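> Now for the letters of each chain:
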Amino acid sequence: MSDSSSNPLLALAQEQKENIFIWLREGSDHDAINLRLQDAGLPSATKNQIDVFFTEYAHERWTRRIDRAAEEADALIALVRRSPGQIPEAVLAALGQEAFRQIASGKVESADLARYTSLFLRAREQDRAERALDLQNEKLRLVRRNATEKALDAFARELPQNPAALEAFQNLKNQLLDQTDHLEDESL
Amino acid sequence: MNPTTEPEAPYTDPEALLQARVLKILKPCLSYWLDEQTLYLTLNLSRPAVTRARLEAALRELRDKAYLDFRVDPLSRLTEWRLTPSGHALAQPL
Numbered sequence: 079m080s081d082s083s084s085n086p087l088l089a090l091a092q093e094q095k096e097n098i099f100i101w102l103r104e105g106s107d108h109d110a111i112n113l114r115l116q117d118a119g120l121p122s123a124t125k126n127q128i129d130v131f132f133t134e135y136a137h138e139r140w141t142r143r144i145d146r147a148a149e150e151a152d153a154l155i156a157l158v159r160r161s162p163g164q165i166p167e168a169v170l171a172a173l174g175q176e177a178f179r180q181i182a183s184g185k186v187e188s189a190d191l192a193r194y195t196s197l198f199l200r201a202r203e204q205d206r207a208e209r210a211l212d213l214q215n216e217k218l219r220l221v222r223r224n225a226t227e228k229a230l231d232a233f234a235r236e237l238p239q240n241p242a243a244l245e246a247f248q249n250l251k252n253q254l255l256d257q258t259d260h261l262e263d264e265s266l
Numbered sequence: 496m497n498p499t500t501e502p503e504a505p506y507t508d509p510e511a512l513l514q515a516r517v518l519k520i521l522k523p524c525l526s527y528w529l530d531e532q533t534l535y536l537t538l539n540l541s542r543p544a545v546t547r548a549r550l551e552a553a554l555r556e557l558r559d560k561a562y563l564d565f566r567v568d569p570l571s572r573l574t575e576w577r578l579t580p581s582g583h584a585l586a587q588p589l
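As you go down the protein sequences, you meet chains A and B in turn. Our numbering puts the first residue of the first sequence at 79, with every later residue one more than the last. Our numbering puts the first residue of the second sequence at 496, with every later residue one more than the last.
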């Protein structure tokens with residue numbers, strides 16, 4: 079490994095090293111890197127120093143990612159566990175393994191994975207809230223329907239023993255119940 | 496990484512050294528399964544290069560000694576490896 083004192087890029091703060099690495103990975107050439115270093119108030123570097131930096135930092139970054147993949151996967155499971163609703167342990171284990179695989183193989187950055195998971199959990203929470211609201215509306219509709227039916231039945235019992243009036247009343251009752259169902263469907 | 500600045504390995508046998516490197520890579524993975532391709536790439540980040548055949552032989556030997564578990568992931572069809580409890584104990588000082 080190169081001595082970091084002979085290569086100023088290797089002695090930079092972690093965030094600065096990460097930025098330079100990303101610039102190089104994006105395809106920036108030696109001149110572009112030096113312009114960016116200048117903009118960031120950092121000393122310029124030779125082509126050789128930049129090449130050595132890229133090789134060594136890429137190696138270090140890869141190793142660090144594998145070393146930390148298990149911690150990141152555990153953290154993701156903890157994040158999901160904190161979300162409302164019970165999630166089966168087998169699902170959590172599968173999620174952890176997939177997160178570990180993606181991070182360790184370098185396909186996904188752990189921060190991105192955490193962001194996607196947070197978005198998924200938020201969407202899930204919203205979906206659960208909407209389902210709860212639907213259930214509440216359905217319950218309310220049934221309560222109102224029962225109340226209407228009971229009130230009309232009570233009224234029917236009060237009717238004198240008149241078959242024609244009773245028939246007219248039954249027709250009115252059915253019509254009203256149909257209308258109530260129709261209105262409730264529209265409001266849902 | 497330049498091997499001349501690495502601490503001197505206590506292994507003189509190159510195959511034992513390779514097995515130690517495999518254990519060292521798998522150690523931080525804890526109970527998660529690491530796929531063989533990532534293991535191979537990690538071993539080849541630095542010299543000396545490790546061929547597929549050598550890696551497979553090292554993995555087989557470690558598995559036969561019950562230091563490693565392996566499985567084929569049903570979805571990705573990748574062969575994956577992890578340390579057994581005795582493998583973790585062996586890798587502790589690495």
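Take the hints with a grain of salt, since some may be wrong.
Claimed, not checked - Short derived list, chain B residues pointing at chain A, Cβ under 8 Å:
1) Ile-520
2) Tyr-527
3) Thr-546
As the list claims (entries may be wrong) - Pairwise CB distance ranges, derived in the manner of DEER restraints:
4) Gln-214/A - Ala-561/B: 38 to 44 Å
5) Ala-561/B - Ala-91/A: 55 to 61 Å
6) Gly-105/A - Pro-569/B: 24 to 30 Å
7) Thr-574/B - Glu-93/A: 44 to 50 Å
8) Pro-569/B - Arg-206/A: 43 to 49 Å
9) Arg-566/B - Glu-149/A: 31 to 37 Å
10) Asp-145/A - Ser-571/B: 54 to 60 Å
11) Asp-129/A - Leu-570/B: 49 to 55 Å
12) Leu-589/B - Arg-103/A: 57 to 63 Å
13) Arg-566/B - Ser-106/A: 38 to 44 Å
14) Ser-581/B - Leu-213/A: 49 to 55 Å
Said to hold, decoys possible - Derived lysine to any residue pairs resembling SDA-like cross-links, with alpha carbons at most 20 Å apart:
15) Lys-519/B - Lys-125/A
16) Lys-522/B - Ser-183/A
17) Lys-522/B - His-137/A
18) Lys-125/A - Arg-143/A
19) Lys-519/B - Glu-96/A
20) Lys-185/A - Ala-544/B
21) Lys-522/B - Lys-125/A
No lab work stands behind these hints: they were computed from the structure. These numbers were taken from a predicted model, which means no experiment stands behind them. Note that CB positions come from ideal geometry on N, CA and C, so glycine has one too.
> Each hint needs a verdict: does it hold in this structure or not?
Each hint tested on the structure:
1. Ile-520: Ile-520/B check passes; min Cβ-Cβ to chain A is 7 Å, inside 8 Å.
2. Tyr-527: 4 Å, holds
3. Thr-546: Check failed: Cβ of Thr-546/B comes no nearer than 20 Å to chain A, outside 8 Å.
4. Gln-214/A - Ala-561/B: 38 to 44 Å: Violated - the Cβ-Cβ distance for Gln-214/A and Ala-561/B, about 57 Å, lies outside 38 to 44 Å.
5. Ala-561/B - Ala-91/A: 55 to 61 Å: 44 Å, violated
6. Gly-105/A - Pro-569/B: 24 to 30 Å: Violated, since Gly-105/A and Pro-569/B (Cβ atoms, about 38 Å apart) do not stay within the stated range.
7. Thr-574/B - Glu-93/A: 44 to 50 Å: The hint (44 to 50 Å, Cβ to Cβ) is violated, given that Thr-574/B and Glu-93/A are roughly 37 Å apart.
8. Pro-569/B - Arg-206/A: 43 to 49 Å: 30 Å, violated
9. Arg-566/B - Glu-149/A: 31 to 37 Å: Hint violated: Cβ distance 22 Å, outside 31 to 37 Å.
10. Asp-145/A - Ser-571/B: 54 to 60 Å: Because 22 Å falls outside the window, the suggested range is violated.
11. Asp-129/A - Leu-570/B: 49 to 55 Å: Given range 49 to 55 Å: violated, Cβ gap about 39 Å.
12. Leu-589/B - Arg-103/A: 57 to 63 Å: 30 Å, violated
13. Arg-566/B - Ser-106/A: 38 to 44 Å: Distance hint for Arg-566/B, Ser-106/A holds at roughly 41 Å.
14. Ser-581/B - Leu-213/A: 49 to 55 Å: 52 Å, holds
15. Lys-519/B - Lys-125/A: 34 Å, violated
16. Lys-522/B - Ser-183/A: 16 Å, holds
17. Lys-522/B - His-137/A: 18 Å, holds
18. Lys-125/A - Arg-143/A: Measuring from Cα to Cα gives roughly 27 Å; hence the hint is violated.
19. Lys-519/B - Glu-96/A: Given pair Lys-519/B, Glu-96/A is violated - Cα atoms ~25 Å apart, limit 20 Å.
20. Lys-185/A - Ala-544/B: Given that 20 Å is the threshold and the Cα spacing comes to 23 Å, the pair is violated.
21. Lys-522/B - Lys-125/A: Cα-Cα ~36 Å, so violated.
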